[in-house]
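Chains as they are written, first to last, in numbering that gives the first Met the number 0: chain A, 0 to 883; chain C, 0 to 373.
Calculated from the structure, these hints are not laboratory results.
Glycine residues also receive a C-beta, built at the ideal position from the N, C-alpha and C atoms.
Check the hints yourself; a few may be wrong.
[To be verified] Selected chain A positions facing chain C (Cβ under 8 Å, derived; list incomplete):
#1 His126
#2 Arg610
#3 Lys703
#4 Gly709
#5 Thr712
#6 Arg722
#7 Asp840
[Claimed, not checked] Within a straight-line C-alpha distance of at most 30 Å, the following computed DSBU-like cross-link-like pairs (lysine-lysine) qualify:
#8 Lys340/C - Lys111/A
#9 Lys195/A - Lys105/C
#10 Lys294/C - Lys278/C
#11 Lys318/C - Lys186/A
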Amino acid sequence: MRIHRVRLRNYRGVIDNTVEFPTEGVTIIEGTNETGKTCIPEAIDLILERLDSSRAKPIRDVKPVHRDEVPEVEIEVSTGDYRFLYRKRWLRRPETTLTITQPRPEQDTGRKAHDRVRRILEETLDHDLWRALRIEQRPGANLQVEMVLPAFNVPSLVEALDVAVGGVATGDGEDSLWRRISEEREKYWTATGRVKQERYDLKGRVEDARERMAELKSQLEEIELDATRVAYLRSDRTRLVAIREECERTEQELEGRRVAAERLRGRVERLEDAHREATELRDRIVSEQRRRSDLLSAHGSRNAELADLEAEARRATPAIEAAIAHSQDAKNAMEEAQRALRVAEADHLAARGDHEHHRSLIDYEQLQERWQRTIDAQRILRDTEVYLESAKVDDDLLSKIEEAHLVLVRAEAAVYSAGARLDGTALAAISMRIDGDEVTFTAGEAIREIVTQEMEILLPGVAELLIRAGPESKSLVTELNHARQEFHSLCASGGVIDLAEARQAVSDRKEAVRNRQEAITAIRRDLRDLTPEVMQEKIREIGRRIDRYAADRPSDPPLPATYEKAKHITTETKDLLDERRDQYRTLQADFASAAKKRSEQELRKATLEVRIGDGRHAVKEAERLLTLAREERSDSELGEDLRSAQDRVDDFLASLVSAREDLAVADPDSVQILLDNAQAASRRAAEELRRNEEEERELRASLKLRGEEGLYTRLGEAERQLRRVHRQYERMEGRADAAALLHAKFGARRQESQLRYHAPLTQRVEEFGRIVFGPDFKIELGDNLEVIRRTLRGVTLDVDHLSAGAREQLGLLSRLACAAIVSPNGGGAPVIIDDALGWSDPDRLSRMGAAIAAAGLQCQIIVLTCTPGRYAHVGSAKVIRVSA
Amino acid sequence: MARFIHTADWQLGMTRYFLEGEAQARFTQARIDVIRTIGALAEEERCGFVVVCGDVFESNHVEREIVIRALEAIGETPQITFYLLPGNHDPLDASSVYRSPTFESKRPANVVVLDGSDPVEAAPGVELIPAPWRSKDPRADLVNRACDDLGPTDGIRIVVGHGQLDWFAHTHHNPARVELAGLEEKIQAGLVHYVALGDRHSKTEAGTTGRIWYSGAPEPTAFREVDPGNVLVVSLGSGWVKVDDRSVGAWRFLSNEWEITDDGDLDALDEWLSDLRPKERTIVRIKVGGYVSLKQQARLGDLLEDHDDPLAVLEIDDKDLLASPDETDVEEYGVSGFALKAVQDLTRLTEEGEENSGARDALVLLRRLIGEIQ
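So that you can see chain A by itself, here it is in the shape it has in the complex:
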């Protein structure tokens, strides 16, 4: 899109001014303050957004102040395939004209013209984005600190889009529709979507009012119930009085019947007493007669029982005597067997003592032998351990000695074969001194010496010879000496003189070890589980026992000669003893059985004697009692008295039956029950009547009191209050739901829209930014499409931490990027920059100039400035100067 020309007439302070814009690159419009530069973007907004019929504040604001003229704006624009001339006049004789020259001529006026332009823009541009861009670049837009930092912020495109799509135009207090919708929602909902406290409070007030009303209704209903109750109580009182009177009448009538019945009951009771007394007298005589009969019967029975017992005693006497004799025989036989048993036990005890004595003798001998073997073995063990303690040559030392001996032999052989040597033969006995030592040789004796280094031979008076060995010989001799020294050292450590002795020592040592082991084995075998001390004690104990037995034993019979003999005698006496013991036990049982039978017979006899005594006594007692009874009343008198008593009983019974019949007819119990019931009913009626009166009195007093409270009027007030708060509540809930729905729908669509712009905007900002900041420049857009972070030379910073100049530069780059993506088919949209970059240093200003120039290749850029030098770095810019 390109703006070719803008003409303002009667617009604020401008009477009539036309600005022509080059269609390519960057245009800088220079002018001092208040020359109307900033009217240009504002006028473009008004002509595109406001109907000519609008009388809104933004329109009224641009009307010349002191002239009776109305504002007019005319612009010539090309966008997509279209080029058109568009003019509007507001407030008086409003007018809109549209002349399209390309792609084909077309003309419209009024609302149709407005709509046509809108359609063209929507067809050729991302209209919302372009409007957002214009809003952002509008002076005073989108920034609280505008006066301090003009065009200074990093723009939030989303915020501008929110304003743009809200369809609102410039003006004081302008706000985004989205923000306003959000604020509206926040009135009723918390950030997390919960109901706000105010709504709960209002709901609570509705509930309170409802409860208040219900309470008052309840009170009124209670009063009405009480009033109804009073009416009921009054009508019920008549009934209660009638009941009470009826009860009293019944009570009197029943009381009369009760008195009559009580009299009858008295007569019956008296007759019952007389009848009872007569019956008791008769019963006493009957009892006496029965006792008399019992006495006679008892006397007969006692006599018969005594006769039976005496006969039984006579029959039992022979059996008792036989049992006594049999018991005595059994006792004698048992005592005889007991004596034989004692003899057998003594014989067996003596035989067993002999048997054990022989056993002790054998044990004593065996223990003595074991003890001797143990002593021998302990001695061998001590000897071998003493030897082993001193024998130092073991297999290891022996092998070292053998090795050292081998080295020595080899060294000697080397010396003899390769070293210096004195060989000779004494031709005559001769003495000489060899190395100072006197040596004598017999004639013919060979003289042989090895020369280690030097050897001095003094032949007294003959010659003094010095034999020197060569260097090799010296070395061999040295080795020999060393080998010898080593060999002797090892032999000395083993306490031996040579290899043979060493080998013998090892052989002796092995023998000693074997002996020691055999001694240990022998000790263990002979001691078994005993210690030497215990074994010794045991030997001594057995010895003492043997001695004691020998001393104590009688000489007759003589001690059996052998162990086996003693054992045999023991077995024999044991068998005899068992036999005697069996005989004794059999006879003992026989005696016990005979004694038991004797005891039973004796008990039976004693029992019979006691029972016979008792029987005799009982007979005498029965005779005594019978005699006493007859003395008191004879048998004939007793019969006469009984008949008389029975006649009296029969008479009283007849009277009693008659009286009882009369009482049954009078039914005093029923009469009493009826009377009690009548009295209770009477009392209840009186009580109910009292309660009735009392309740009515209380209710009337209460009603009088409550009647003064004006409850009905208060109920009316409560009803109105409920209606009022309920309506408030419903209205608030309706608004809350509407705000929530509106917010949800707008939110969803808004997010969808933001996602669409995210990638292309990032790409373009970075493209322009690389010119200013370098090749590694990157940015990050937030959810609101605002630049939130910048990355440069690998360092990422939040925009808030950037310098004022850097933030200003990012803001301008965002606008340029936005303008570049406005037109979906390329060509961009005009960007109007109003004196930006006041905070940029010269270097950045220069680079920003290059970026603006680069953006100018993609879209039309119009810079408004009152500082001519600020944009000198925009290379291809064309400058237009305006004046007041």
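Starting from the known structure of chain A, arrange chain C on it as the hints suggest.
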């Protein structure tokens, strides 16, 4: 001859839930004021007394201040005796206002409560035959029963009663309904000469004798009443009767139905509401139906809000009014981009059915928010 005022159903202390703020106080005061009007009318018409045929008070439990103010208003015309009959709203039960300490202590000399069943002489040769209600739910025809033992008379007998005549079809289940034929028989037999009735708030003549009347309420109480706001000036002579109504009520209950389909209908409604007089004593209920745009709905809301304050009550029932955004509505939002899509989403919701009134509310809210921004 007897000349008196027949009135009934003062319903003193009546509250209306829809009266908000100070309107209820005015409504209550009007019922006190009309007592003075009646007293003055009685003097003006040279009436000897006033019979008030039941429901003098809206309830036995009205604020005692109302009782006092009413008795004071009656006391302002001391030469006119007011005979007050307990009705179904203020029956002579144990909680009766007529037996309250306030009433008994403040009752002026010219107030007589018809609380017995014996005839009361209202003027020489003029007997009142009272039929007071002693409970809210009597199980008998109190009016005819009051007349049962009447014998022939040389004077004038006026029955003072309360209740629905069996003449009205809806009363056949009511055991307390008043048998019209019985009353007419007694009139024709010359036992009674006029039956002054209360309970029906619309002025009504019953039967064919010309002597049985409901005076109606002196101040209206509900929308359904046909001819309220009157009292009757009754003149009785030997063999003749003259009954004249006098309008004394200051309040009006109006209900109306409006079909709104275009701006012209809105203009007409505006005009009708503007012409209502006196606004502060007029209670209006409007049922609005039709199909309107959101813009028209908003205008209707503004219009009703404008008239709400001057009127005592303006009740709106707009359940039958269907509002839906039309093309103009959407255009007038002046939104584009995602906002336009959101508006279109909501518009679609409104077209999906009644249950989506939430979407309409959301659109109305949007209109308001845009208006606030602009």
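These are the hints, each one checked on the structure:
no.	hint	result
1	His126	6 Å, holds
2	Arg610	103 Å, violated
3	Lys703	7 Å, holds
4	Gly709	3 Å, holds
5	Thr712	4 Å, holds
6	Arg722	5 Å, holds
7	Asp840	38 Å, violated
8	Lys340/C - Lys111/A	23 Å, holds
9	Lys195/A - Lys105/C	52 Å, violated
10	Lys294/C - Lys278/C	27 Å, holds
11	Lys318/C - Lys186/A	27 Å, holds
Violated hints for the displayed structure, listed by number in ascending order: 2, 7 and 9.
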